[in-house]
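Trainee: Let the hints inform the model, and build the full structure from the sequences given.
Under the numbering used here, the first residue of the sequence shown is numbered 273, with each subsequent residue one higher.
Everything labelled a hint here was simulated from the structure, so no lab data went into it. For every residue, glycine included, the Cβ atom is placed at its ideal position computed from N, Cα and C. Any given hint might turn out to be false.
Unchecked claim - As a list, the in silico PhoX-like pairs of lysine-lysine whose alpha-carbon atoms are at most 20 Å apart:
| no. | residue 1 | residue 2 |
| --- | --- | --- |
| 1 | Lys468 | Lys429 |
| 2 | Lys469 | Lys458 |
| 3 | Lys468 | Lys458 |
| 4 | Lys429 | Lys469 |
| 5 | Lys325 | Lys364 |
| 6 | Lys429 | Lys364 |
Stated by the list, open to error - So the derived label-pair ranges between C-beta atoms look like this:
| no. | residue 1 | residue 2 | range |
| --- | --- | --- | --- |
| 7 | Val465 | Glu322 | 26 to 32 Å |
| 8 | Glu370 | Tyr334 | 49 to 55 Å |
| 9 | Arg422 | Glu306 | 30 to 36 Å |
| 10 | Arg422 | Glu288 | 38 to 44 Å |
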Amino acid sequence: YIKLLRKTANLEKLREAREAMSAMFPLSPSLWLEWARDEASLASSDNVPEIVKLYERGLSDYQSVSLWCEYLNFLREFDPSVNGYTPDGVSKMRNVFERAIPAAGFHVTEGNRIWEGYREFEQGILDTIDKADLEERNKQIQRIRSIFHRHLSVPLKDLSSTLITYKAWELEQGTDLDIGSDDLSKVSPQVAVANKKAQQMYSERAHLEENISKKDLSDTEKFQHLMVRMAYFAVNICLYSVLKLNCNMPTICNHIA
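Mentor: See below:
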């Protein structure tokens, strides 16, 4: 019914149908995306707050990476306080990004999209700062650097590409780095250790994520792979908890080892 209404371009009836459907059960991410896109295509300065509420409703139903990204992009494009980099707009956007990180930024195969969007937004702010204002520029550079450091410590796909991007960015800031090396000790020993650990963690779980991401799987097969992944992480969490609670009991620790 909704597909038919979309073809007729009867927006009022389409809204009513979507509201009725949403009242009965949570909508899927694809339905929320479709709804938000339809409303965003008609965005103006007057209805931005209403569309923001719509995105927030969607995210309360489902923490979708794509929905978060479209929400963030919508704010950057249509919210005058955000794209004008006013103090309130900058604060608002940073708050939304910080909410998006725990909700979607740790998604192994898609989380990079959140971190990259965050950096692009902060880079946009840096580009607006007068080059003569060294103090403000240095503060903003440090803010971008901090986002890179946080990103590099999360076990995500293509983290090695993120590392190359980061080192190229540091070279632009005048930092002495060998872009062909994985060594980050000149930047921060702590970041170097965290990044190495993150890459190791991703390597250990990459096959689980790849199995789930295969497009030719049936729903049953996807469910089975998802259960395997959940079991993998549940076992690791349980083992960690046992070790933490019984670290003074050698027998248990020996069996786990």
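Trainee: All hints are to be evaluated individually against the structure, with a verdict given for each.
Mentor: Outcome of the hint check:
With a C-alpha separation of about 13 Å, the suggested pairing of Lys468 with Lys429 holds against the 20 Å cut-off. Proposed proximity of Lys469 and Lys458 is supported: the alpha carbons are some 18 Å apart, at most 20 Å. Our distance criterion of 20 Å between C-alpha atoms is met by Lys468 and Lys458, whose separation comes to about 15 Å. For the proposed pair Lys429 and Lys469, the alpha carbon gap of about 13 Å is at most 20 Å, so the pair holds.
Of the supplied pair hints, the one linking Lys325 and Lys364 holds, its CA atoms being roughly 14 Å apart against a limit of 20 Å. A threshold of 20 Å between alpha carbons decides the hint, and for Lys429 with Lys364 the separation of about 28 Å lies outside it, so the pair is violated. Roughly 46 Å separates the CB atoms of Val465 and Glu322, a value that falls outside the hinted 26 to 32 Å. Against the hinted window of 49 to 55 Å, the Cβ-Cβ separation of Glu370 and Tyr334 comes to about 20 Å, which falls outside the hint.
For the hinted restraint 30 to 36 Å between Arg422 and Glu306, the CB-CB distance of approximately 32 Å keeps it satisfied. One distance hint, 38 to 44 Å for the beta-carbon pair Arg422 and Glu288, holds here, with the actual separation near 43 Å.
The structure does not agree with the numbered hints 6, 7, 8 stated previously, though it agrees with the rest.
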